[in-house]
Structure formats: C-alpha cells, structure tokens
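Chains A and B, in that order, give the protein sequences.
All the letters of the first sequence, read from the start, carry residue numbers 1 to 361 under my numbering.
All the letters of the second sequence, read from the start, carry residue numbers 1001 to 1405 under my numbering.
Be careful, since some hints might not be right.
DEER-style ranges, computed between Cβ atoms [said to hold, decoys possible]:
(1) B:His1228 with A:Gly187: 31 to 37 Å
(2) A:Asp66 with B:Lys1208: 24 to 30 Å
(3) B:Thr1026 with A:Ala100: 30 to 36 Å
Partial list, derived from the structure: chain B residues whose beta carbon lies under 8 Å from chain A [said to hold, decoys possible]:
(4) Val1059
(5) Gly1149
(6) Ala1150
(7) Phe1222
(8) Ala1235
(9) Asn1239
(10) Thr1281
(11) Glu1298
(12) Val1390
Cross-link-like lysine to aspartate or glutamate pairs, in silico, DMTMM-like; alpha carbons within 25 Å at most [unchecked claim]:
(13) A:Lys25 with A:Glu38
(14) A:Lys127 with B:Asp1319
(15) A:Lys127 with B:Glu1018
Calculated from the structure, these hints are not laboratory results.
Note that beta-carbon positions come from the ideal geometry of N, C-alpha and C, so glycine has one too.
Now for the letters of each chain:
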Amino acid sequence: MYATLIIFLLMVPGFVVVGVYLERKISAFIQDRMGPMEVGKWGLLQLIADLLKLLQKEDIVPKAADKWLFLGAPFVIFAAVFAAYAVLPLAPGLSGSGAAVGVFYLLTIVSVDVIGILMAGWGSNNKYALFGAMRSGAQIISYEIPLGLSILCVVMLNQTLDLQAISFQQGIYSPEPVYLFGLKDLGVDVTQMGGFLSWNIVRNPFLFLAYIVFFIASLAECNRAPFDLPEGESELVGGFHTEYSGMRYALLMLSEYGMMLLVSLLGAILFLGSWNTPLPNIGPLRLADWTSGEPGTWLGYLTGAFWLLTKALLAVLVQMWVRWTLPRLRVDQLMFLGWKVLTPVGLVLFFVSGVWRLLGV
Amino acid sequence: MSNTQQYDYQPGHLTASEPNKYGPGTLKKEEMVLNMGPQHPSTHGVLRLEIVTDGEVVVDVVPHLGYLHRCFEKHAESLPFNQIIPYVDRMDYLAAMNSEHAYVMGVERMLGIENDIPKRVEYIRVLVAELNRLASHFIAIGTYAMDIGAYTPFLWLVRDREHILGMLEWTCGSRMLYNYIWIGGLFYDLPVGFEERCAEFVRYLKPKLVELHQLVVENKIFIQRTAHVGVLPMATAINYGCAGPVLRGSGLRYDLRRVDAYSVYPELDFDIPVGKGEAGTRGDCWDRNWVRVAECWESVKIIEQCLKQLNGKYVRTRDFDPQAMVPKKIRPKAMDFYARAESAKGELGFFFRTDGRSDVPVRCKARACSFHNLSVIAELSRGGLLADLVAVIGSLDLVMGEVDR
C-alpha cells in the first residue's frame, strides 16, 4: 500500500526527531541535568538546530579512503533498515507489503546492515573504523542466532511467517479461537475477551523469557549500550563512523534510531500483542471493544497505530534507560553472553515452546 | 671537550611527533600499530600511546609524552619561591590545593618556620586539601566509569564536585587553580560561614557516596570489566615507584599522611584503605578504583574532624591574621632539600637546590606521581584486550599536566 510507504517514510525521520529529543531529555533526567533548554521552549527546536548544523557541514571524504565504498555505505545501512519497515503492520489492514514470509524477510534484510557497516569500516581506511566494523560484524552475526531462535518460538506458536497474520491472532479479531495460556484443555476461550490475555507472551508464558532474549539480542543488533562496542567511544573514538561528517553522519544516526524503532516495533508485534489493545473485555465492561476499532475503518487504523506505537515507544524508553545506566561489555564478554548464555537459553525455549504448542493443540 | 653540547636542531621539530618505536621492520606480520591519542577521548588529556595490536589483543604499549610540557622546572629557576606556587597549581590541575600544600611545606621546612605556623592555618590547609582530594577522586572515578562505558556516574560526580569547587572558589576566588596556600600562611582566612556550608555539604555528600557505590562499584558489568584486569603485583608497583591509590590498590599500606605524619594529620583519625582483591585479584583495576572510593569516605572523615577543630579549639577570632607568619624575604640557606606529601594521585615531591644568596631556587625538580604511575602502563596492558587497555589507563588516574609538567 502506498499509504503505508508514505506513513513510514514520514514516521521514521519523525521518530528520529522525537527519539533524539527524548534520549537527550531522558539522559538529562537520569544524570540530574536539564538537557537542551536554549533552542525553543524546553529546547524543543534543538534537533532542528542540530540538523541545520549537520546539513551545513562539509562532507569530508578522507584522501586515503576507498571513495565509493565510503560514500555508499551510509545508504546501504539506511536502505537495509528502512526496507525492513515494508512488512511491518501498523494497524489492521495497514501494512506495506502483506508478504507471507514477513519474518523471514525482516531477519534477512536487517543482516544487510552488516555489509554497510563493513563497507564503512573498510572504506574509511582508518584503523579505528576497521576495528569497529569487525566488532560490529562479529556482534551482529552472533546475536542474530538468539534473536532468530526467540522469533522462531513465536512463529511456532502462530504457525505463520506473516506479521499481519501474527497480529490478528493476538486479539479480539483473531480468525481462530484463542485459549487461555494457549491450552485447549483448560477450556477457557478468551477470543471474545481479547486484551493482554490473547497476547503471545500470555498464550505461551515461556515467550516472556523469549522476549527478554529477544530484547537483549535486539540491543546488540542495533549497537545500543551496553553492546555499543562497534562505536565504543572510549576505545574506538567513533567506531565505524569515525570518519563520517555532515549529512552522511546524520544518515547513520537516522539509521541507528530507525533500527531502534524497528526492533521495538518487531518486539511489540511478535510478543506484546501487536496493534491489539491491552485492555480485555470483562463481562459487560467491553474495554477491548471500546479501545479498538473495526479492521479497515479509520478508527481501526488509529487505535491500532496508537497501541502499537505506544508499546514500541515503551520498549525504546527501556532501551534508553539501559543505555544511561549500564557500562559497556568487553568483546569477549559480549561473545560469551551471545554464544554461551543466550543461544542455549534460546534453544531450550525453542524446545519448550514446541512442547507447549503440542500441549495446546 | 666542552661541557656544553649543541642541541641537534631538526627543521621539523616543532610540528613532528616523536617517532614510533615500532615500524615495518620490527612488527610481525599479523601485528598493527594503532596510534591512540594525543586526541582521544580516553587518554585523559594529551597522552599518545603507540599500541601494537594483534587483532584485539594488545602486544605492546609505548607511551609518548610531552604534549603538555610547559617547562615548570625551568620557569621555577627564574622565579622567587612564592611566585612558583601558581605554577605548582597548574601541574596537577585537578588537585591544586594538594600540590600547593606539598610545595609550601617544603619551602617552610627549608626556612625552618614549619613549627611557627598557627594551628588554625594548618587545619584550614588540611581541610581545603582534603576537599580538593575529594574533587580529584570524583573526576578519577567518574571518568573511569565513563571509560568503562557508563556516562551517568561521571555527571553525578561532576555535580557533586561542583559544590566543592564552589566552596573553594569562595575561599580564594578561583575554581581550580587557587594560589591559596602561601608560604607561611594563607591568602585569606576562610570566609565567614564556610564551616557551616562545608558541614552541610558533607551531610549532602554521604548518601551520594552510597549511591555511587551502588551504581558503579557493585555493578556487575563494571566488576566484569575491571576485576582481574591489569593486575599490578605489589613488587612491580614498588619497583616502578608507583604511589597513591595505585600502590595502595596493590595492597601496600603506604600513605605519606601517616608515614611522614606531616601537618596536623597525626592529630586526625582516618584509615588507609588498601586493595584486598575483593572482586578479583589483588591489585587489579577494580581494587585501584575501590581504594579511591574508600578514600573519599576517609576524606569526609578528615573534613568533619577539621571542621570540628575549626569550630572549637581553633575558632576564628577577630585579630587572626593568616598572613602573620608569611616571611618578608624567602631566602633559604644553601642546601639540597627534598620535601614530599601525599597528593590525590600519590607521592608528590619537590627537590630544591638553593644557593643561600637569592630567593630564587637554583633548581626545582618535581617528582610527579602521575608520571611514575604512567610508567607501569605497558606492564599492565600487555596481553590484554584493547578494551582492557582503556580500563587500565583510567584506573591509573593520569593527569597529563602533572606527567609533562
């Protein structure tokens, strides 16, 4: 749908505006500061000032750099992140492409990110950038495994790779009956109640653990603290984007925040009930019906987008909170966590989810 | 042969850096030289490190110094003793009061007036020196947490340090470089109300120190990053002449405030924290940082006792003149003299050679603690990862102004 393309085209940079401002204000709150206060009321125009500054900056290409790799890398990274939005459902009936293999596509297209980062690191012809790119490559590839495993748990439960179909299953508009905790034998049909009772993390309680694995792995995927080693400032100055300036740097920041929003949206869609309302129908108190519109109507679009974005933004807030609280891991500790903790946990959860699914049928 | 040697002039000497120790001839195939600094976020100033890396593993580290060299010792040779004090401030600019205290004590001992200094002056000196030690440790701990990747502790500590700087500014009008402690006395007495404000600050600070402990010292990731990293055995620390928290982190209970018992420190009750290897091995980065945190508590104890004395036995009187004992002419006898004191970073010493005829020293050499602490850097970081090197640099708490002087 073209409408979705336009919505996402506007939404991602829009989120960056909100996200950078939020990040500054939240970090300021955590650190007992004021944050930006000078430009506009409460510093609201700070980001516009920043953007103007970045636009005016000279676009420097180092003399020794591999020019085409260097110039192209930000676009590859940005394209990889942005293309992933194509399959995200924003509301019932509102998704860019109804690809039946949405989850699969998303996991693959996000990996293209690594190519961009390697291009940036190699093309800069800078040792810090090279270190950053190598770390980033190792990190993203390692953490894709626990990420993939935790997503597989969801796919197994929902029996589909279509993100829109996964969304529909988690609420009152579910095409098939939803049982409490996903167990048919309990005999509690919550299809009409909806709300958080039909979310994936409730349909299979082990998915809550899977969500934690997903969240940690997604932090590593988007190079956020405490996994920000590829751009670990105290060691590698700026990591793979050391040499970038001006608009290209802005583009890299845009993709970083785009990635944050992307994984938060994905987590919300897969685990936290997508665009469905968290409020269940309790007897005559039709909270779920009141807070979600019919699919395909304007009210449906609005409430769906509202709930999904609320959930995603909450996850973004947690990401920021983590960033401003925790120190950074070391490379070997990062690999330890990825391969020896998260991957086995992911495998166990994968197995348990399969058993749970069999119990439920 | 004449005893003067012509300086070998090189045309590019003003712009060229010191050449690297490692080059294509000395590097193995898989090794790479990574130049860290002089402009790098975690070298704490203008330190340049030539790092030989094999992937992420550090093979060797060669520090290149001199980017902040301001000829302190040469300047001192042409200035009277009392005019050197501002230059002393600029050595360790984070703990200027401590440097002043060490320097002034040395000159006073040369003049033989160290026993004539009024007690109130001595207590004020210790009070401001301990306040400044707190400020210096705050920067050390804060930047260390920032090196490890946590930004928040740094800003919290800078917030608390701001109160100290504000108080010290109140005493002498300057925030960092005070020129407050004079030979034979002080610039001014403490401003009226200082004691109360200081006591209020101590009350404010204590819960903040507990918070700091919870946020940084006990943090799991912080312990992972610093425990067992950069282990400095006690023997190595002594051999390299390390001092201060770096030496005490390795387990030696050596603090000049107790060893030399100068000023009014014998009358004060405080402990000397040493590294015990609680989180990892004794003498690792965590221990060095922990010693600093523990010393903050000890400084708070000292400040409280000083305040008690300044409000009680040595309370301000109308006719008290902090400059009463300041000598009109500072002209020590001809001698070689070494004076030392415990600065925030370790043993800060001054060597003087005087000819007895002028009030300008013939030679004034500073023994800077950061310089000696820096010298162990290669020992500590060989074989570690690049990230460990950053952890090691931070744990040594280097101030380049003091290293290069």
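Going through the hints against the structure:
At roughly 55 Å, the beta-carbon separation of histidine 1228 of chain B and glycine 187 of chain A lies outside the given 31 to 37 Å, and the hint is violated. Distance hint for aspartate 66 of chain A and lysine 1208 of chain B: a CB-CB separation of about 50 Å, inconsistent with the stated range 24 to 30 Å. Taking 30 to 36 Å as the suggested C-beta distance range, the pair threonine 1026 of chain B and alanine 100 of chain A does not conform, at roughly 60 Å. Checking valine 1059 of chain B against chain A: minimum C-beta separation of about 14 Å lies over 8 Å; hint violated.
Hint status for glycine 1149 of chain B: holds, given a least beta-carbon distance of 3 Å to chain A, under 8 Å. Checking alanine 1150 of chain B against chain A by beta carbon gives a least distance of about 4 Å; that is within 8 Å, so the hint holds. For phenylalanine 1222 of chain B, the interface hint holds, since its Cβ comes within 8 Å of a Cβ in chain A; the closest pair sits about 5 Å apart. Because the smallest distance between the Cβ of alanine 1235 of chain B and any Cβ of chain A comes to about 27 Å, over 8 Å, the interface hint for this residue is violated.
Because the beta carbon of asparagine 1239 of chain B sits about 28 Å from the nearest beta carbon in chain A, more than 8 Å, this interface hint is broken. At a threshold of 8 Å, the smallest CB-CB gap from threonine 1281 of chain B to chain A is about 17 Å, leaving the interface hint violated. Evaluation of the glutamate 1298 of chain B hint against chain A yields a violated restraint, the C-beta minimum of about 25 Å exceeding 8 Å. Because the beta carbon of valine 1390 of chain B sits about 5 Å from the nearest beta carbon in chain A, less than 8 Å, this interface hint is met.
Only pairs whose Cα atoms come within 25 Å are accepted, and lysine 25 of chain A paired with glutamate 38 of chain A is accepted, the gap being roughly 13 Å. Only pairs whose Cα atoms come within 25 Å are accepted, and lysine 127 of chain A paired with aspartate 1319 of chain B is rejected, the gap being roughly 65 Å. Distance check on the hinted pair: lysine 127 of chain A and glutamate 1018 of chain B sit about 20 Å apart at the alpha-carbon level, within 25 Å; holds.
Violated hints for the displayed structure, listed by number in ascending order: 1, 2, 3, 4, 8, 9, 10, 11 and 14.
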